[in-house]
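Participant: If you want the building blocks of each chain, they are given just below.
2 protein chains.
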Amino acid sequence: MAIDLIAFDADDTLWHNETIFVTAQQKFKELLAKYHTEEWIDRKLYETEARNLQHFGYGVKGFTLSMIETAIELSEGRISGTEIRTVVELGKEMLKAPVALLDGVQQCIDELLKSYRLMVITKGDLFDQEAKFAKSGLGERFWRIEVVSDKNKITYERILKRYDLDPRQFLMVGDSLKSDILPVVALGAHAIHIPYQTTWIHERVAPGELEQKQYFRLEHIGLLPDFLAQFNRA
Amino acid sequence: MAIDLIAFDADDTLWHNETIFVTAQQKFKELLAKYHTEEWIDRKLYETEARNLQHFGYGVKGFTLSMIETAIELSEGRISGTEIRTVVELGKEMLKAPVALLDGVQQCIDELLKSYRLMVITKGDLFDQEAKFAKSGLGERFWRIEVVSDKNKITYERILKRYDLDPRQFLMVGDSLKSDILPVVALGAHAIHIPYQTTWIHERVAPGELEQKQYFRLEHIGLLPDFLAQFNRA
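Taken in sequence, the protein lines are chains A and B. Everything in the first sequence is counted per my numbering, starting at 153 for the first residue and increasing by one. Everything in the second sequence is counted per my numbering, starting at 153 for the first residue and increasing by one.
Next comes chain A alone, as it looks inside the complex (with noise of 0.2 Å):
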């Protein structure tokens, strides 16, 4: 059965942004440097990111939260209030940051459209994906934009589901394998991972998660149009 619709990631699958939460984590850490070490801070913001996710969710706001929290936190309380507004300013600096597409993703979709319906289904800050969206000029090209506060098997049914969609004509692509890939085979339909330069570690999977799982591995998106003439002929 040929592939009819295509599905995209946003973040780490048509532009970059976890090198901008890298940029901003590096700044903090030098803000905390005389406190703790590298580390320790890292180890220490990742797991108040953690534990905040079920407040908070996905996103640049509940991350500056936590980066406040952890600051807090590793200084016992002497971090200075304007050494707190710095790291505000972090946050609001991530959100003003311009959208940078990976490479080849413009050619790529604009190529894909000739054949395809093509959506996004990305996670995260409704207000913040809209924005990126606005910034990337792609929008217009996609026949839906679903912003969802969770990846998992039941997002993915719901979607198939609004849209009368058939599995086996539906193609996830993105970066992440516990995200874009495992909940998308499960349900029997595509999925093609290309990893990005860096994964958040909340974002990992265990090598045994993947056994026996059917799925398409691509080092560049690129390469998507070529694969998908051999896929849909195969």
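One should not assume that every hint holds.
For chains that are exact copies, the list does not tell them apart, and a pair is met inside one copy or across any two.
Derived PhoX-like pairs (lysine-lysine); straight-line CA-CA distance at most 25 Å [unchecked claim]:
1. 287 <-> 305
2. 313 <-> 179
3. 244 <-> 196
4. 196 <-> 186
5. 196 <-> 365
6. 186 <-> 248
7. 266 <-> 330
8. 365 <-> 186
9. 287 <-> 266
10. 179 <-> 248
11. 330 <-> 196
12. 365 <-> 313
13. 330 <-> 305
14. 196 <-> 181
15. 330 <-> 365
Since the hints were made in silico from the structure, they are not lab data.
We have chain A already, so just place chain B on it with the hints.
Facilitator: Then chain B, alone, in the frame of chain A:
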């Protein structure tokens, strides 16, 4: 033409929301009482919120970051890390607050379900709003729940188009003249304003904007089923 689909706003239409903000803001003012008067803190916080809306959008996380920024500004950086931790905790308490339905909501929804398709169109943070629906126990009653980043004429136009709805068969019910009534009326659809006990300054409109506008006003959501029965007979 009879109403076919009724869309409800959520915050302060289905459940109490503004009161959660007002309560948090009261605690925030107590924390800063040694620096400034309540009036001045209210004013400065609102200025910060309004300025940050372009970066943060609506919702508790953005509000919390604005409280932190205001606290630093109003204390000229003298506020301690420990006090800022209190502000972060205020934000978390808001997110964890139970969802308290307004009087009569449950019965009204159950009654209307017999004759109409019901949906929700709510502005704000996707993650927060989904959490509130889960806590409200109302989620299953709605045909669709749309969380949008802002509610203006374009937003409503897009929703009407997506679901192929005739404006004359569409009714919006909400507490905000700015977000729930004026943009809907501008599209030739119906709107019913049910005021909440308090209105956030940002949602207020000048009386002149309401002149010549066709909409209804009910004192209480419990009056809606009878009103609609009469309306559809007319």
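Participant: Hint by hint, note whether the structure agrees.
Facilitator: Right, here's what the structure says about each hint:
1. 287 <-> 305: between (30 Å within a copy, 21 Å between copies)
2. 313 <-> 179: Classified as neither; 44 Å inside a copy, 45 Å across copies.
3. 244 <-> 196: both (22 Å within a copy, 19 Å between copies)
4. 196 <-> 186: within (15 Å within a copy, 33 Å between copies)
5. 196 <-> 365: neither (33 Å within a copy, 55 Å between copies)
6. 186 <-> 248: neither (28 Å within a copy, 34 Å between copies)
7. 266 <-> 330: neither (30 Å within a copy, 41 Å between copies)
8. 365 <-> 186: neither (46 Å within a copy, 61 Å between copies)
9. 287 <-> 266: Within one copy only: 23 Å inside, 44 Å across.
10. 179 <-> 248: within (16 Å within a copy, 31 Å between copies)
11. 330 <-> 196: within (23 Å within a copy, 43 Å between copies)
12. 365 <-> 313: Cα proximity of residue 365 and residue 313: one copy only (23 Å, versus 39 Å across).
13. 330 <-> 305: within (10 Å within a copy, 37 Å between copies)
14. 196 <-> 181: within (11 Å within a copy, 30 Å between copies)
15. 330 <-> 365: within (12 Å within a copy, 50 Å between copies)
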